[in-house]
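Enquirer: Chains A and B supply the protein sequences, listed in that same order. When the first sequence is numbered by the working numbering, its final residue is 320 and no position is left out of the sequence of numbers. When the second sequence is numbered by the working numbering, its final residue is 324 and no position is left out of the sequence of numbers.
It should be emphasised that the hints constitute simulated quantities derived from the structure, not laboratory data. Some hints could be false.
Within a straight-line C-alpha distance of at most 30 Å, the following computed DSS-like cross-link-like pairs (lysine-lysine) qualify [to be verified]:
1. A:Lys163 - B:Lys86
2. B:Lys86 - A:Lys177
3. B:Lys43 - B:Lys316
4. B:Lys316 - A:Lys136
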Amino acid sequence: MTRSINRGALPGFGLSLGFTLAYLSLIVLIPLSAIFLKSSSMTWDEFWGAVTSPRVVASYQLTFGASLLAACINSVFGLLLAWGLTRYTFPGRKIVDALIDLPFALPTAVAGIALTAIYAKNGWLGSLLEPLGIKIAFAPAGVLVALIFIGLPFVVRTVQPILEDLETEFEEAAASLGANRWQSFQRVVLPTLLPALLTGFALAFARAVGEYGSVIFIAGNIPMVSEITPLIIITKLEQFDYRGATAVAAVMLVISFVMLLIVNALQAWNARRLGRTV
Amino acid sequence: MTSIAAPVSAPAHGAGKFESNPATRDSSWVKVLVLVVGLTYFLVFLLLPLIAVFAEAFRKGTEAYFAALVDPDALSAIRLTLIAAAISVPLNLIFGVAAAWAIAKFEFRGKNFLITLIDLPFSVSPVVAGLIYVLVFGRQGWFGTWLGEHDIRIIFAVPGIVLATIFVTFPFIARELIPLMQAQGRDEEEAAVSLGASGLQTFWRVTLPNIKWALLYGVILCNARAMGEFGAVSVVSGHIRGETNTMPLHVEILYNEYQFSAAFAVASLLALLALVTLVLKTYVEWQARKLAMEGQIA
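Model the full structure from these sequences, guided by the hints.
Expert: Below is the structure:
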């Protein structure tokens, strides 16, 4: 009996953990540390100058602003879609459900050129919007459209399983206490969904901040206007400004770490919440 | 990211359970409103780009379409994409199984931290993923001088593309296997070992049948990302036509040369790959769900 708690009960611990750590170090950790080592070889003034030049700051504003807005829009409509997919029967539901994951499967460059074709002046939607004075392709709005596309599945896929598992008893109790549907959604369903909704929001935001492929085609990439931060890194690299590129990359990397910690905390909250309510 | 990992264990659909219950049934105008708004959003932001790829690809007719696909540069891009996926997917598969075995079957300190580290590549921008390999293997990088002396090219060559692809697809299979194998515990494996099975026999006969659908699910998603990666590969590729161009990079070059129909023709192959991925993914989810339900009944 004592053997089952013992590490030696099953073979392969040393081999599997050793391989895992070696592969992780070689592919991920050691190369990532290059960013920080290279940054630390710069003087503080050099580093600060590289990451706060006006063109770079303008790119942060666009990248984070558009990512935040796209994640907000996807939270509202993602919740709506998840609700429709779990609560209602309608023809074609299974196909819609399967296609929600398209942005995970469609290469970003393909999404980028397709969105550009749609929203360009002579495109299907661009030609309708142009007479109204709305310019989407080759403008900051194009960045938003691309980020909405790539972030769309996150909120749907985090909220959907919670909605499916939700027992009907809670809403029955609310109804028997005299709540109407809106009150019961607002007071009973929404609080249960909140951790999942926030997780989906954070995942969509984190993905959008680093996104490159789908954005560069539609953005027009005008410095100070529609240039995203990942593109700044590429531009600096092409000018052989490795130090500048690395400094901006270090900023992005720190933000990724912070987002990862936030997502982990939200997921832990989600798991605790589920443990309590179900 | 995480949401990719979730659906394997998703429960059976039951919209009916909500619609038949007066306490959870929405009035019909709410249903119509939600569906009209939600599906319009789905149509405009998701379906329209997919349709546009194929419409643009065939704009100049089927002849131009197939001419773009059999172009030597396109064929070489297809070959390189297949090579990159054929190397990175098996490597990440071995890693995923090893990591899940260590994490799910044994107790050790720092396990949660290790799981977080495995997730790390998902939150790193693809451009940063490409840059790190330039800093390590590029001409000015750590090993740049040594590699130059020995005439080995990694950056702006195939090995760099493979490395970048491995990085961006790193967590896909591990992420699917870790939660599943943790939930399954180690009782079955311990029984097999106590009956005299070797480690390999135990894995092959006991563990593998239990995880095959999750494994397949991870492989499908990993492969889709490996073939479609753009940002990371773009940094390390150098864009040498016929040599270091993958399919997504070839799409970009054609597009920037205003060869729109040809760009969309190659893009349509990638879109087709995405659709096949979704079909396989749905099938695997369906199988996993069926298995889970049989398990509940038994």
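Enquirer: Against this structure, judge whether each hint is valid.
Expert: Hint check results:
no.: 1; hint: A:Lys163 - B:Lys86; in the structure: holds (20 Å)
no.: 2; hint: B:Lys86 - A:Lys177; in the structure: holds (27 Å)
no.: 3; hint: B:Lys43 - B:Lys316; in the structure: holds (19 Å)
no.: 4; hint: B:Lys316 - A:Lys136; in the structure: holds (16 Å)
Hint compliance for this structure: every hint is met.
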